[in-house]
Amino acid sequence: MLLAFLVLATSGILAANAQCQTSLSWKNAPSMKDSGLTSFVIASMTKPRGIRFVNDTLLVIDVGVGLVSLRENVDNCNGWTKTVLVQNADLNHGLVVNGTQIYASSVDTVFRYEWNPSTRTVSGNEQIVTGMDLAANHKTRTLDISGTYLLVSSGASENLETEATSPSHGTAQIRRFAINSTVPSGGYTWFQGELVAVGMRNAVGIAVAGNNLWTVENSADELNYTSGSQLVDIHEDNPAEELNVVDLSDIGHSYGYPECFTAWDMKEVIPDSSLNTGDQFSIVPNVTDAQCGNTTFNKAPRLSMQAHSAPLDIVFYKAPSNVTAVTVKPEYNSHAFVSFHGSWNRDPPTGYGIVRIPWSGNEPTAQPNAKDGYSFVLQGDLTRCPDGCFRPVGLAFDSTGRLFGSSDSTGEVSFASR
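Quick note on numbering: the sequence shown equals residues -18 to -1, 1 to 400 in mature numbering (1 follows the signal peptide of the UniProt record, and there is no 0).
Because the hints were derived from the structure by calculation, they are not lab data. We put the beta carbon where it would ideally sit given N, CA and C, even for glycine. Incorrect hints may have been included.
What the hints assert, rightly or not - Only pairs whose alpha carbons sit at most 27 Å apart, straight line, appear in this in silico DSS-like list of lysine-lysine:
{"id": "1", "residue 1": "Lys311", "residue 2": "Lys353"}
{"id": "2", "residue 1": "Lys9", "residue 2": "Lys353"}
{"id": "3", "residue 1": "Lys249", "residue 2": "Lys121"}
{"id": "4", "residue 1": "Lys29", "residue 2": "Lys9"}
{"id": "5", "residue 1": "Lys311", "residue 2": "Lys300"}
{"id": "6", "residue 1": "Lys15", "residue 2": "Lys353"}
{"id": "7", "residue 1": "Lys311", "residue 2": "Lys121"}
{"id": "8", "residue 1": "Lys29", "residue 2": "Lys15"}
{"id": "9", "residue 1": "Lys353", "residue 2": "Lys300"}
Stated by the list, open to error - Pairwise CB distance ranges (calculated):
{"id": "10", "residue 1": "Phe173", "residue 2": "Ser17", "range": "33 to 43 Å"}
{"id": "11", "residue 1": "Asn58", "residue 2": "Ser150", "range": "25 to 35 Å"}
{"id": "12", "residue 1": "Glu96", "residue 2": "Pro340", "range": "36 to 46 Å"}
When you get a sec, could you build the whole thing from the sequences and use the hints?
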């Protein structure tokens, strides 16, 4: 059987703020790389980004619109009913559910809404964190929950931001905020949050698993590296994108940016290079490669990914106990799934798909120096990228084990199943 992604489109108004989306087709269908899965489109939106489930309702951040819900086969709709829950054009990516509380973010503010499971509506509009608009070039503020804390990730302000080495600068870092007690009136300011990690250039995808926080980091563009007396352009296949792990009982460490980076394929441009996949290197004169390889100075990634893949989300698959005909393969239980938004400055292009990272225990199966630590589940048509192909952003599994994804370039929400 094949793994399927389902796309949803609008085709009729059910109520003042509800639309039935049914019988949708892909604008440009991705290619299925996993022989056990197939895909379907379920919704058409403006620019869908972050997605998460609350019970049987799929929540979507639709940029320029707000917080939108999708429900399957309800209200006489033989498809998916789309309803705008919150009209806020500034919501742009971050979304997490904590019981009956929903957190969503703009570039500057994290908002909290109360979910009513009976009416499937939201109320309230409490500001939880404000003053986050510090990173000019990276606008997403990704969210997750760890116990009684809200985690917020903010990227760097530019490609190479020298000041980002300092925690007090406020960019390229993750902070956490207590949500089990009274939140200050008007919300916490960004710097009232406890520093979890610094030196992560743009960790758009974050996911808590046990006592670890896993992040997928978009690394720098247009890098040069000094080899001997030569300045070499290494940007085609370096630096690697990173899968980092933060021990939440030992927080506040640096993950290298903007001084230290991870090699993916240095030997292609520097044949005699001693740097292998996963090795750390420096691009600044006052820091050596050896310093970058010292874990007290820089926490290296647990796994590397092809340069310019642009990972934007990471979710862990928990296979349902009641396996059905649509359930993603149960043998993938506990594996990580990552969305690759795709490159903008690599020829040929790379990414534009969803990959699976095999997992064993509390970490990836592959070693940190592996190039084959993940495989594509599906991938967009690279000849139509970047604007006309599937560019995945948000990922989420439902209770039946179907894998849902959003594509902001095509406005599609879809799912993959057997």
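So, going through the hints one by one against the coordinates:
1. With a C-alpha separation of about 24 Å, the suggested pair Lys311 and Lys353 falls inside the 27 Å cut-off, and the hint holds.
2. Taking the CA atoms of Lys9 and Lys353, the gap is about 32 Å. The hint is violated against a cut of 27 Å.
3. Pair hint Lys249 plus Lys121 does not hold up; C-alpha atoms about 34 Å apart against a cutoff of 27 Å.
4. Between the alpha carbons of Lys29 and Lys9 the distance comes to roughly 14 Å, so the proposed pair stays at or under 27 Å and holds.
5. Among the hinted pairs, Lys311 with Lys300 is consistent with the structure: their alpha-carbon atoms are about 11 Å apart, no more than 27 Å.
6. For a cut-off of 27 Å, the pair hint linking Lys15 to Lys353 stands: about 18 Å separates their Cα positions.
7. Restraint check: the Cα-Cα separation between Lys311 and Lys121 comes to about 35 Å, which exceeds 27 Å; the hinted pair is violated.
8. Pair hint Lys29 plus Lys15 holds up; C-alpha atoms about 25 Å apart against a cutoff of 27 Å.
9. Between Lys353 and Lys300 the CA atoms are separated by roughly 25 Å; this keeps the pair inside 27 Å, and the hint holds.
10. Checked against the given bound of 33 to 43 Å, the beta carbons of Phe173 and Ser17, roughly 50 Å apart, lie outside it.
11. Distance hint for Asn58 and Ser150: a CB-CB separation of about 56 Å, inconsistent with the stated range 25 to 35 Å.
12. Range check, Glu96 to Pro340: about 38 Å between beta-carbon atoms, so the 36 to 46 Å window is met.
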